[in-house]
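Peer 1: Sequence:
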Amino acid sequence: MNKREAVDTVNRYMELLLSDFAASTKMLADDFVWENFLPAHVPFGGRYEGVSGLQTYLGQLAATWVIGELVFHDYVFDPETQILAATGVEKNGQSLTTGRTCDMPFVWEFRFADDGRLRYLREYNDTASIGGTFDTATG
Numbered sequence: 001m002n003k004r005e006a007v008d009t010v011n012r013y014m015e016l017l018l019s020d021f022a023a024s025t026k027m028l029a030d031d032f033v034w035e036n037f038l039p040a041h042v043p044f045g046g047r048y049e050g051v052s053g054l055q056t057y058l059g060q061l062a063a064t065w066v067i068g069e070l071v072f073h074d075y076v077f078d079p080e081t082q083i084l085a086a087t088g089v090e091k092n093g094q095s096l097t098t099g100r101t102c103d104m105p106f107v108w109e110f111r112f113a114d115d116g117r118l119r120y121l122r123e124y125n126d127t128a129s130i131g132g133t134f135d136t137a138t139g
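Heads up: the sequence shown begins at 1 in the numbering used here, then just goes up one per residue.
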């Protein structure tokens, strides 16, 4: 796999994830893991294993967060390790709990299996941005 193939795979996966979950799962390795560690007061986040774990994560996400526009800025790919790092921002993500929105910078790490399927996705999100949208403390 080269950088263009990795980027194309990620773009196709993200497109399917939002439009056809069943089809998106065919792009995942059997041992797929999604990690997104967030502040404790954010009602989703953690480590999710396999399709059932991903369904749990997406259910928690949908119940409490409106996904904003995901804008990827740049990609760095290492062909030896088959790891793609993607920088970007989620614009106007919204907490359904508080109604607050934010633009959240991120770096996402995608790892690929030998057959080109995704085997790992780690979100490194700006935790202050997303945490602030769920913060119910008044000042």
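Everything labelled a hint here was simulated from the structure, so no lab data went into it. Think of the CB as a built atom: it goes at the ideal place given N, C-alpha and C, for glycine as much as any other residue. Treat the hints with care, as some may be off.
Each pair of labels, with its calculated beta carbon distance range [what the hints assert, rightly or not]:
hint	residue 1	residue 2	range
1	N92	D8	39 to 49 Å
2	E15	V66	12 to 22 Å
3	T98	N2	14 to 24 Å
4	Q55	E109	15 to 25 Å
5	A23	I67	34 to 44 Å
6	Q94	N2	16 to 26 Å
7	T64	N2	12 to 22 Å
8	R4	D126	37 to 47 Å
9	D115	A40	21 to 31 Å
Peer 1: State for each hint whether it applies.
Peer 2: How the hints compare with the structure:
1. N92 / D8: 39 to 49 Å: Violated - the Cβ-Cβ distance for N92 and D8, about 26 Å, lies outside 39 to 49 Å.
2. E15 / V66: 12 to 22 Å: Since E15 and V66 have Cβ atoms about 18 Å apart, the given range 12 to 22 Å holds.
3. T98 / N2: 14 to 24 Å: About 43 Å separates the Cβ atoms of T98 and N2, which means 14 to 24 Å is violated.
4. Q55 / E109: 15 to 25 Å: holds (21 Å)
5. A23 / I67: 34 to 44 Å: violated (18 Å)
6. Q94 / N2: 16 to 26 Å: Since the Cβ atoms of Q94 and N2 sit about 36 Å apart, the hinted range of 16 to 26 Å is violated.
7. T64 / N2: 12 to 22 Å: violated (37 Å)
8. R4 / D126: 37 to 47 Å: Violated - the Cβ-Cβ distance for R4 and D126, about 28 Å, lies outside 37 to 47 Å.
9. D115 / A40: 21 to 31 Å: Violated, at about 37 Å.
Of the hints listed earlier, those the structure fails to meet are numbers 1, 3, 5, 6, 7, 8 and 9, in rising order.
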